[in-house]
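A.B. asks: Next come the chains, spelled out residue by residue.
Number of protein chains: 2
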Amino acid sequence: MIKTVFIGLFCGAAILTAGILIGHYGIEKSSDSEPAWVKDVSKDVDERLLEEFLSEVDNVNIKDNLRELTKVPHMATTVGDEKTVQLMLKRWQDPESGLDQAWREEYMVYLSFPDPDKPNKVTVVNPSNTVLHTAREKEKAYTSDQKDPDVVQPYAAYSPAGQVQGKLVYANYGTVNDYKWLSQKLNLTGTIAITRYGGAGRGAKAINAVPYGILGVLVYTDPLDINEGLMSDINETYPHSWYMPPSGVERGAYASTYGDLLTPYLAAKEETYRIPEKDITGIPTIPIQPIGFEDAYILICELGGDPAPQFWQGGFNCTYNYGGPGFRPSSHFYNSDVKMDIFNYCEVKNSSNVMGVIKGSVEPDRYVIYGNHRDSWVHGAIDPSSGTSVMLELTRVLGKMVKQGKWRPRRSIVFGSWGAEEFGLIGSTEYTEQYFTKLSERTVAYINVDIAVQGNATLRALGMPSLQNVVFTAAKQVKAPGADSMSVYDKWIQHSNRTSPVHGLIPRMGYLTGEGSDYAPFVHYLGITSLDLMYTYDRSKTKVRIYPAYHTAYDTFDYSSNYVDPGFYTHQAVAKTAGSVLVRLADSLLLPMNCSDYAESLEAYLSEALKHYEDSLLAMNISMEPIKRAVASFRIAATHLDQVIRSSDLANETPLKVRKINDQLMLLDRAFLRPPAFPSKNRHVIWAPIEISLSSFPGLSSAYVSAMSSGQASAWAQVHHLVSVMSQAIEGAAHMMLDVI
Amino acid sequence: MIKTVFIGLFCGAAILTAGILIGHYGIEKSSDSEPAWVKDVSKDVDERLLEEFLSEVDNVNIKDNLRELTKVPHMATTVGDEKTVQLMLKRWQDPESGLDQAWREEYMVYLSFPDPDKPNKVTVVNPSNTVLHTAREKEKAYTSDQKDPDVVQPYAAYSPAGQVQGKLVYANYGTVNDYKWLSQKLNLTGTIAITRYGGAGRGAKAINAVPYGILGVLVYTDPLDINEGLMSDINETYPHSWYMPPSGVERGAYASTYGDLLTPYLAAKEETYRIPEKDITGIPTIPIQPIGFEDAYILICELGGDPAPQFWQGGFNCTYNYGGPGFRPSSHFYNSDVKMDIFNYCEVKNSSNVMGVIKGSVEPDRYVIYGNHRDSWVHGAIDPSSGTSVMLELTRVLGKMVKQGKWRPRRSIVFGSWGAEEFGLIGSTEYTEQYFTKLSERTVAYINVDIAVQGNATLRALGMPSLQNVVFTAAKQVKAPGADSMSVYDKWIQHSNRTSPVHGLIPRMGYLTGEGSDYAPFVHYLGITSLDLMYTYDRSKTKVRIYPAYHTAYDTFDYSSNYVDPGFYTHQAVAKTAGSVLVRLADSLLLPMNCSDYAESLEAYLSEALKHYEDSLLAMNISMEPIKRAVASFRIAATHLDQVIRSSDLANETPLKVRKINDQLMLLDRAFLRPPAFPSKNRHVIWAPIEISLSSFPGLSSAYVSAMSSGQASAWAQVHHLVSVMSQAIEGAAHMMLDVI
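Taken in sequence, the protein lines are chains A and B. Take 1 as the starting number for the first sequence in this note's numbering and just add one per residue. Take 742 as the starting number for the second sequence in this note's numbering and just add one per residue.
These are calculated hints, taken from the structure and not from any lab test. Treat the numbers as computed from the prediction; the structure is a model and nothing was measured. Misleading hints may appear alongside valid ones.
Some residues of chain B that are not near chain A, with every Cβ distance over 10 Å (derived) [stated by the list, open to error]:
(1) A759
(2) T1004
(3) C1059
(4) S1364
(5) T1395
(6) K1401
(7) H1476
Cross-link-like lysine-lysine pairs, in silico, DSSO-like; alpha carbons within 27 Å at most [claimed, not checked]:
(8) B/K1010 to A/K611
(9) B/K1398 to A/K660
(10) B/K1010 to A/K43
Where is the CB? At the ideal position from N, CA and C, for every residue including glycine.
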């Protein structure tokens, strides 16, 4: 009996236990199990998927893209440009490897062109008006590409039309100081100045000339600056090498401001108010025209007057005199004028941006924007189609992963194929003007890849220092082109490095203090954290200012595939590096943006500034203490935010906490925008695009230089004012990193 | 045997079932149960707690607050002001009913005062320099309050010092048109103009006079405008009623711009760059001084010349002539001048804001800011201490609930007690300049309660239309003062209503198109959705421009408790209404901000604009189609966002979705800011503070009026430009409401 009872109890207990186990583990708790989204919100970057994505990026596809893009010239708003719009749309709307959506956005923009019926002429005319020499109107053809009828004649966009002539003078780079020096040697009234590219902005060479009564300006690229002195197309220059041939001419926009010139601060739509053309500022008021160095040689080596200073001498095998003014008595051009007949005209034309998006799965209202301009001057194989072909391969691989259901980024990715960049960053600027608030409030970062490859030695990165770390991470996981055992990072640190007080020896990333590509409206106008990536040549081995076919008719597929990136492994490496940065920014739970690295850059800038001008400012009763305090506040706040991040368990805490921190990171650069008080699109107080050789706050340093130069009280007041503006902006940025309340 | 088996199986099954039930429901699933924060993120407003909070708000406490605040005058930066700083800090740092934190923030601000040793004088002097009449320098004392030595002499802040005299003329309100009309009747060179308050801004009365050679300006409050014509202090005015006594003078700031005048766009800290005083714009350049109507009566009724127009006539029992210039021959003042000896001086002084915060529990990085200025001209019982006493009761009740652990708002609440408002919204403006980015990026709404009660008939609300609904909800749950069965809402709709195409008959909420109180920098500079609340008198029964003791020495506790809000039930109703709005904004899961109501207001503005000037603009080749299209886009986008909200289950979906929608709602008003191209602090294109009588877009309407008046091409270009600016801003706002990508 007792045995039966025991057996009964034992069985009962066993059954009960079995029941409990079944009930607890076997059956889904419908009410208490966490909602599906709980896992999603802590989605982070998937390294395995990222590797898979990187392995898919194919150099041959990039090559094929480039071939297609560079079949014909595709200058902004031409038939060739429209072809590229169609290509982008086709790829981005592809059912298997396209994006979620792609569309075009048109703007009516003010462009400048040479007159196809009346080509611009540069001649030497004697007193009887006989033409002694005519400069080439077109670049010499070495391949069929140069024979394409859509190769636009070399010209200076936004140079006014005009017919002028006068004695020739040589004015070095055409900087303010160059003309000033020359004006002390010669009476420049009524002269024509010939200048070389570099040293000053394009339009500045004409603008700087006007006060001296100069009637017109010529520009050429000196072989010393572009070719290590080489000049012969028999065996030295393209098509035998990558060097610029003697008739090669760099085209370009000669405006000082970016964006559509008739609709500042507004999107250039059809019905938008346009300012009167006469009210446009910052474009030349005298004719200016670029020519090849073979013609420059013919002109410069005949000049009279005394030899120009040593640092004005270029690569021609003659002494550069600065002019009598005009040619020397022994010259067959003696007493002759240089004549410029320029027939450029301006008109409003439709330019398109092509936009594509991949919607984010967790935070669709956070954007990572990747941009490249699509328009070229001629075939644009390097500029910009090296970047376009890279972008198309990136979108193909990412698009395919999305279409196959393998991946969707946490945040939204926006691809921007900008139009009319060559005319002054117009497509990207109009975009930022149209969507100003939306972009300011939602954009985590902007990645610009204009020229992807102009050389295959090393990565070159410019950006906000907060992005340094994610660029390093990406560069470490990509193989360097042509170096099996080295990463892009390894190569980079070899070529360009610095010693960080915190990180030790690391590659040197530069800053976006210029207006040279489409990052400018994002950085300076919107205050968005940005990056510009490119592969470039070894600047310790070659002194060329930029790749020698830049903006010429020689920037072709043939040029790129023979002399810049045979095999396209470098294009592939850029695609992988940029792609990895893009995916990390889009997918990381916590934005990979480092405030302490920003603090380090500010401290370096400050240190230089103090060294160079703290005492001068104090002598004018302007203390730099507020900036010192502000940078110190910034450092403390950055350290604090780092600490908050380190002590958090972001994947397991409320998603509103990581969102709060991510917002702090995203909005940091917004705080650096100066108050909306000044009619300038350039508002970022740290990176304000000023040409200044000092490695310090460009805006402040430039104001200091002006004040020292003019000595005027108002100039010093401006310095004082900037100290206040900057210190309050830096303090404002520090506030963004402190506890939110 | 079979029976035993059945019993055995039955018991086994029962035990098994019991086990399953225990295992499923009885034991916590440690791994699968949702994280604690999952419930928190969907926290919504708790109506029960809100009712409890409202029931705690005590009119007697408010009365006691007022008594304490108005013991002595507390003009900005005086000893009395410092006392109020200490009071705020003490209350907000109270261990049982204080806030999480409270502190002060100091600014060094440029203020203007009369010279205590050399009081401003207004006299009538005859040709022999004999003084025939001296206007009162102080207001007459009826209670001990007026005898306080810290009652500042009536003066015009920012009037320059100066000693001038001339023939007197009467210039109505001193508007541009008033002076223009008068200049056609008289040669105004060398005259002194007397004007009445109203019609034009204070400083404008002097600024408008300058082009005509007028040497100085007097200002007074006409009994017709303030007292329904009543004038006698024997039995008609205060202390017998609320009407202004004959020696009463309205003080005020006579600057046209707000914020510290020496540090535009920058926080006025000690080391901040200050512009030279001579570069300040928008303040009078000729002396201006306010006087009481008893003195104005003595002067105006003696004027010579012809009668002024009918609509220039005021409440005196004499005909208002506009002057000979000067007094009429039969007057004992004939041939005499009016002399002004003004000794005002400016200096930089320390003004404090007192800040307090309650940190949000779920979204601490979202702020609801509640502000009131603390400084007064004299005792300031209505302006601003009616609001201060309300704010202190609100913070007491909310603080107590937090300290007792009963409640913590979802979002952070920031209380701002502003200094130096009377001198031009200085404390609040410096605050917005200092924390520009932080505030722009995190502030959901700003609630301003300056004067809480100037009458007890009805609520008066001004704000962005998106807040209309939450104000209605709050008003419905608060009992109207003195009306047991009516709510604040019921009273409101009786006094001021409109018919909405969507809602039918509803109370009329006004717009924040002025610069009259501390909402101005939030609305116009930062673009933050804002609200201003006050209880006021019945404007259908009384024509007074504002409560008659406004800015005089009679704005005292005695005045308020006898004639404005005996019992303080109206103060209590305002506290509850404002408090309810505050809590709803801070606690609601989905921000109670309605885009379709905003669309309705834009459509009404547009309709008025089209009616008034579509044809005139078209005649100048300016089409209003872009604005029509933009308003239509806005409506479509608002409808779409409403639809998204309606079809969502926000409490159960990912918190990042409601965050995304809330960000869209919060940032809507930011999109209305014009591009940072114009050196003006007033950037909100819809509510731009322009004095215009048209019920339409103030900025555009004002530009239209200017262009019609001047006929100049540049004025019409400005209209055209504004059409573009506005339509692109409205389109930008529409974009904020569309799907985020």
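A.B. asks: Does B/K1401 really sit off the interface, with its C-beta more than 10 Å from all C-beta atoms of chain A?
C.D. replies: Not fine: 4 Å to the nearest Cβ puts B/K1401 too close to chain A.
A.B. asks: Please confirm whether B/C1059 is truly not at the interface, meaning its C-beta sits more than 10 Å away from all C-beta atoms of chain A.
C.D. replies: 50 Å, holds
A.B. asks: Holds or violated: B/K1010 and A/K43, Cα atoms, limit 27 Å.
C.D. replies: 44 Å, violated
A.B. asks: Are B/K1398 and A/K660 close enough, with their CA atoms no more than 27 Å apart?
C.D. replies: Roughly 14 Å separates the two Cα atoms, so the pair holds.
A.B. asks: Test the statement that B/T1004 is away from the interface with chain A: the closest C-beta pair must be farther apart than 10 Å.
C.D. replies: Since the minimum Cβ distance to chain A is about 8 Å, B/T1004 lies within 10 Å and the statement is violated.
A.B. asks: According to the definition I'm using, a residue is off the interface if its beta carbon is farther than 10 Å from all beta carbons of the partner; does B/S1364 meet that for chain A?
C.D. replies: 7 Å, violated
A.B. asks: Quick check for students: does the CB of B/T1395 sit more than 10 Å from each CB in chain A?
C.D. replies: B/T1395 not clear of chain A: closest Cβ-Cβ about 4 Å, inside 10 Å.
A.B. asks: Keeping to a limit of 27 Å between CA atoms, is the pair of B/K1010 and A/K611 held or broken?
C.D. replies: Satisfied, since the Cα-Cα distance of roughly 26 Å is no more than 27 Å.
A.B. asks: So is B/H1476 really clear of chain A, every C-beta pair being over 10 Å apart?
C.D. replies: B/H1476 is in fact no farther than 10 Å from some Cβ atom of chain A, at 5 Å.
A.B. asks: Against chain A, does B/A759 keep a CB gap of more than 10 Å to every residue?
C.D. replies: B/A759 not clear of chain A: closest Cβ-Cβ about 7 Å, inside 10 Å.
Checked against the numbered hints given earlier, the structure breaks hints 1, 2, 4, 5, 6, 7, 10 and satisfies all the rest.
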